[in-house]
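S.K.: One-letter residues, chain by chain:
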Amino acid sequence: MSTPVVDTPRRGLTAWRPGPVALAGTVAVALVIAGEIVSPGFAGYGQLVNLMRVAAFLGVIAIGQTIVIIAGGGGVDLSVGKVATFSAIIGSRVMAGDDANIVPAVALALLVAAAIGLVNGLGVTLLRIPPFVMTLGMIGVVQGLILAYTGGQAEGRAAPALTSLVNGRVILDLPGLLFLWLLLGLLAVWLLRRTTFGWSLFAVGANRTAAELTGVRVNRTLILAYVLSATFAGLAGILLLGYTESVFLDLADQYMLPSVAAVVIGGTLLAGGIGGYAGTAVGAIVLTVLQGLLTTLDIGGAWRTVVNGVVLLVLLSLYGRQRRLRS
Amino acid sequence: MTGAAAGLVDRVRGVQLSGLATVAMLVVAVAVNSALQPNFWDSYALTSNFATFVPLVAIAVGQTIVVLSGGLDLSLGAQVTLASVVAVQVVDGSLDRFPLAVAAALGVGLACGALNGLVVALLRLQPIVATFATSFVFSGLALVVLPTPGGSVPFEITTAYRDSVLGVPVALLLIVALALVWLVLRRHRVLRHVYAVGGDADAAYASLVPVARTRVWAYVLGGLFAALSALAILANTGSGDPFVGNELTLASVAAVVIGGTALAGGRGGAGGSVLGAIVLALVTNIIFFADVPTDYRQLVNGAVIILALALAGIPALQKRRPSA
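Protein chains in written order, with my numbering: chain A, 1 to 327; chain H, 1001 to 1324.
Pulled out of the complex, with its shape left as it was, chain A reads as follows (with noise of 0.2 angstroms):
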């Protein structure tokens, strides 16, 4: 289950077969049409700025997600929507509507997030928990933290700065997020293609055993990945407080899927060792198109999750296919 697969490639397929990328923005620009079609004015301007806001969060959450993904060996983060609104939430205690706070309210947030993915990654490691496993009951335990945390009752406000920082406009009437979110993707893609832990993580990712016997340091690589993913997820459920301004105790609880369907559309292999932040960045841009246009047709939302369940399988038999047992 967790041993580390390298797909070889499909040749005669790969051939004709463009790249993710290409393919996943080409599906978000169908969608767009789509959307005008069914509904005139969904490719609107101010419509579509909006649709980037929201692709922001999901987008900022998927960083890290993407990271722990290309680390392989079953490398998933489920604890991400969880930790982005626990973040959320002691932001906006700490915060509480001033300035002055900005500063001590995301640095713990970052930290507590940090922290929780530090234990997600020595689970992974040291105690071999598989991720999906591992991080799937942290959710439960963060969500007892919040409850712990709060007494049940979210409290506090976001700082006008933050709020202003995020929901200002400030070239072309595009708001600021979009910027942040501009700004942390490309952080994102030096991280993966221009540090020694970006190499590192795709050389664990793609052959662990290699990576071991080359003098990669497998465990601190993994666990810092984890580490990365929660603070990423933290970074935006603050981005998340500033936008909404007050908090609630689900607030970025349904980001889970999503991160993931988006870091699979993006091209970037479950199985890990191949893949980039860039075709997530556009995975989220695709899942939260396709979301506007399922409320544009009045799909409830019982509905919608059944979709997006079904979307991530026919995503994964797209790309997530394991090896035939004859080959």
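Hints in this document: simulated from the structure, not taken from any laboratory. Any given hint could be a false lead.
[Stated by the list, open to error] Part of the chain H face toward chain A, derived, beta carbon under 10 angstroms: (1) D1042; (2) L1123; (3) F1136; (4) V1257.
[Unchecked claim] Distance ranges between label pairs, derived from CB positions: (5) H/A1290 to A/G168: 46 to 52 angstroms; (6) H/V1165 to A/A96: 58 to 64 angstroms; (7) H/R1097 to A/T295: 45 to 51 angstroms; (8) H/G1150 to A/D98: 41 to 47 angstroms; (9) H/R1162 to A/L213: 41 to 47 angstroms; (10) A/A161 to H/A1024: 54 to 60 angstroms; (11) H/A1203 to A/T295: 34 to 40 angstroms.
Backbone N, C-alpha and C fix where the C-beta goes; we use that ideal spot for every residue, glycine too.
Place chain H on chain A using the hints.
M.R.: For chain H alone, coordinates are given in the frame of chain A:
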């Protein structure tokens, strides 16, 4: 050859050790629980305790079969939810329709299990991710079938479920029945194939074991046990709830781990998982009777589950093999 033999001895010893550990945990849990809950051994308390154990025991047996086949079913909790809301809509408070509701629940379990099995075995998706995806399909459908908690189960069923026969709680008899079903299955060819596939799929394939078909069977059996779990929940609570199974998925995995079944597949059995499920249920009891403040209960419960999952990793920690 000697290496392989030593490995085998090691393996057998590992299973026996964890079996002993499971029983030890059960004894400790029972001891702590009976110390905290003054009337623990009264027939009323026993009956209502066992009544809450059955759903977890049933889903744990189902999860065991899937895990033994080398997979993992993260959609089992959602299947419990879907089967229970379908059954409660079918029965609609009438005893006459109860057999129909049982059939409907089992049908749902069968269909969900078959879908999972086909996705995993034929499309060859990673079991964890595939069942994660299908879990959203199932829980979404459950919300379509029953958007808000409601529906009612005939009182004859709920009364019978909490009754006792000759002083033995019906719920305990149901747990024994589940264990017996497991023992019967265990002797069947399908389960032998499940062990073979979970142990080494390539070797099983080479030995003409129908690997794909066996995998489908494992998920179907998992779904059927999820359906039984759903019926037990309905009999226990008397009404439907479209979120009822959410917590059960992880608990089922934890029960399997506590029961000494290796998550890698091929080793273990449902007997341990039954005990593991009871241990977990007792822990929930203990948290309640230990006067843990309400706001901290979930935290303690979550931490206990993580610790239980960590137990599976401790032998790995001792051996200090290079990381997997």
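S.K.: All hints, please: hold or fail.
M.R.: Hint by hint, here is what the structure shows:
1. D1042: Since chain A brings no Cβ nearer than about 31 angstroms to H/D1042, farther than 10 angstroms, the hint is violated.
2. L1123: holds, 5 angstroms
3. F1136: holds, 3 angstroms
4. V1257: holds, 8 angstroms
5. H/A1290 to A/G168: 46 to 52 angstroms: Cβ of H/A1290 to Cβ of A/G168: about 50 angstroms, so the range 46 to 52 angstroms holds.
6. H/V1165 to A/A96: 58 to 64 angstroms: Because 60 angstroms falls inside the window, the suggested range holds.
7. H/R1097 to A/T295: 45 to 51 angstroms: violated, 37 angstroms
8. H/G1150 to A/D98: 41 to 47 angstroms: holds, 45 angstroms
9. H/R1162 to A/L213: 41 to 47 angstroms: Given a distance of about 60 angstroms, which is not inside 41 to 47 angstroms, the answer is violated.
10. A/A161 to H/A1024: 54 to 60 angstroms: Holds: the Cβ-Cβ distance is about 56 angstroms, inside 54 to 60 angstroms.
11. H/A1203 to A/T295: 34 to 40 angstroms: Given a distance of about 50 angstroms, which is not inside 34 to 40 angstroms, the answer is violated.
Checked against the numbered hints given earlier, the structure breaks hints 1, 7, 9, 11 and satisfies all the rest.
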